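Enquirer: So the sequences go chain by chain: Y and G.
Residues in the first sequence are numbered from 1 upward in steps of one, following this note's numbering.
Residues in the second sequence are numbered from 333 upward in steps of one, following this note's numbering.
There's no promise every hint is true.
If you want the footprint, here are the derived chain G segments under chain Y, 3+ residues with CB under 8 Å [stated by the list, open to error]:
1. 345-353
2. 403-416
Take a look, some chain Y residues computed to stay more than 12 Å from chain G by CB distance [claimed, not checked]:
3. L27
4. V31
5. F125
6. S126
7. M127
8. V128
9. Q134
10. G149
11. S162
12. A213
13. V227
14. L230
15. Y256
These are computed hints drawn from the structure, not numbers from a lab.
Please read all numbers here as calculations on a predicted model, not as lab measurements.
A virtual CB, placed ideally from N, CA and C, is assigned to each residue, including glycine.
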Amino acid sequence: MTSPPSGEVIAEPAPSGLSRILDHRVLLSIVVLALLPWLLPSKALAVNVLIYGVVVMGYNLLFGYTGLLSFGQAAFFGAGAYFTGIAIGRYGVPWFAAVPIAVFLSTCLAAAIGIVSTRTRGIYFSMVTLALAQLVYYVALQAASFTGGENGLRGFTVDRISLFGLHVNFLDPVNKYYVLMAFAGLAMWFQSRILNSPFGAVIEAIRENEQRARACGYDVERSKLVVFMLSGAISSLGGCMLALHLSIVPLDILHYQTSGMIVMMVLLGGARSFFGPFVGAASFLILEDVISLWTPHWQIFVGAIFVLFVLFLPKGIWGTMLDALGVGKARP
Amino acid sequence: MKSDMSGELLRAEGIGKRFGGFVALEGISVSFAAGQLTSIIGPNGAGKSTFFNILSGALTPTSGKLHFRGRELNGLPQHRFVHQGISRSYQITNIFPDLSVHENVRVAVQALTVSYDIWRNRTRLTELHARADAALDAVGLLGRRGELAKFLSHGQQRALEIAIALVSEPELLLLDEPTAGMGPEETKDMVALLERLADKRTVLLVEHKMKMVLGLSKRVVVLHHGRLLADGAPDEIRSNPEVRRVYLGQSEGYG
Chain Y
1 MTSPPSGEVI AEPAPSGLSR ILDHRVLLSI VVLALLPWLL PSKALAVNVL
51 IYGVVVMGYN LLFGYTGLLS FGQAAFFGAG AYFTGIAIGR YGVPWFAAVP
101 IAVFLSTCLA AAIGIVSTRT RGIYFSMVTL ALAQLVYYVA LQAASFTGGE
151 NGLRGFTVDR ISLFGLHVNF LDPVNKYYVL MAFAGLAMWF QSRILNSPFG
201 AVIEAIRENE QRARACGYDV ERSKLVVFML SGAISSLGGC MLALHLSIVP
251 LDILHYQTSG MIVMMVLLGG ARSFFGPFVG AASFLILEDV ISLWTPHWQI
301 FVGAIFVLFV LFLPKGIWGT MLDALGVGKA RP
Chain G
333 MKSDMSGELL RAEGIGKRFG GFVALEGISV SFAAGQLTSI IGPNGAGKST
383 FFNILSGALT PTSGKLHFRG RELNGLPQHR FVHQGISRSY QITNIFPDLS
433 VHENVRVAVQ ALTVSYDIWR NRTRLTELHA RADAALDAVG LLGRRGELAK
483 FLSHGQQRAL EIAIALVSEP ELLLLDEPTA GMGPEETKDM VALLERLADK
533 RTVLLVEHKM KMVLGLSKRV VVLHHGRLLA DGAPDEIRSN PEVRRVYLGQ
583 SEGYG
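This is chain Y alone, in the form it adopts within the complex (with noise of 0.2 Å):
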């Protein structure tokens, strides 16, 4: 069985243009990434775009491709928020060490998380989730000694990059954004890695039909803890962006409206894409920033927009983009 098949060789369809240049989805997420503060109206909002972009593309690895509902996604991201300033601010780590440390720990909360709730299916591990985030949040309001319970952490200023000899002045919003993409561009390269790597077939086995993976070999339990902690990683990174950005840890990135934030943007921008994500949180602020210049009920239009996609557009902005433009299907 090992040998190649006896009849003629079946050449794969010829990859139109478009596609060919798709296959380099990292780059051109950079690109689109590095232009985006020129192409929205204020640095600030590319920023948070940026921040909450890879919070939600670490999500997409477990809902998107797994097929996992977790309404505990802001656990992580506000792990990695909390222990960047903790480790800056109360033990005097500098930056660059912080951030790794905060990944770090915030992967190993997504493991206990992670080792309780993926025992359950369905409802019940979105339940789950949502409960064990909860606990989370309670946590960090009441070590207030901590954390800086509900008045948020404050008190860890970065205002200078170093590496290597270059000085980079990081209250300038440029600067600071530049910077953060770095860290935005590695997430991207990794969990396009992911995706790409024999993992990311199990975990879509998984999504596809959870009885035939077992039924292949594939110890399901396991698969979906590994890429829970892998997903609780990368949207940790964008908790220690937010953190390195803000200067302060706002308690409310742990509440389980944040959570929810991220399910929202993830559907808004198209799930099982990869740069998706970015157009959800894009979409998402954009129409925050819009709609609560002429009234503070905002989210009353946020929600009936967001009813609207989950009936019209279930793939979402970018994912129904790349279904128009033929490419959408063939992608992992």
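Chain Y is fixed; fit chain G onto it per the hints.
Expert: Chain G only, in chain Y's frame:
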């Protein structure tokens, strides 16, 4: 394919399964030699599917022991069964609908090698691609390899499922009603495929279509009400009065 084609491959000793108060199987002791096609038949509710699920690890028996190549299988989680050399197809088509035909099979053979690799590029693991294509060729689906599995016809999806089970090169292939829901033409193709498969490996078949089973199998095992009713060559089964009473009589002219 295999060094020993004559020895005992799988032995079930007093297998029983209860669901609450309901006894689905009781005291099934049967052994299967390597290298032949055996069919398991029985009326609806006889316990065929339960027995199959136990043999493939999807269910744990409440009593009895299962030995495969001299190794006890009790307590082994389902996903390890393929690694032992037992692979199965399902009665209701069970594929990965939104993956390509090729990827359906490739991901199945990948399970035996590099599941947790998050670093290498899967398109470069060329041996897996070649093995997947060879399995597709064996079931006559190589020409459709690039299409999404959900767009195949019912008969082709059944064949794809066999390719998924086959690609791990199992010592024992368990097929649960591979011709379920098929028309006469598709059934003919499937029977030809089964005959080719049975040449090379040990196949256990659950089937309803009587003529097909008796023509195809070297041995037939009959279950009834969760118990072993008869076990023998197709001719013995055909003339067994007990079997005629519970099974053959009612499905005269069926299949």
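Enquirer: Broken hints, numbered, in rising order?
Expert: 1, 12, 13 and 14
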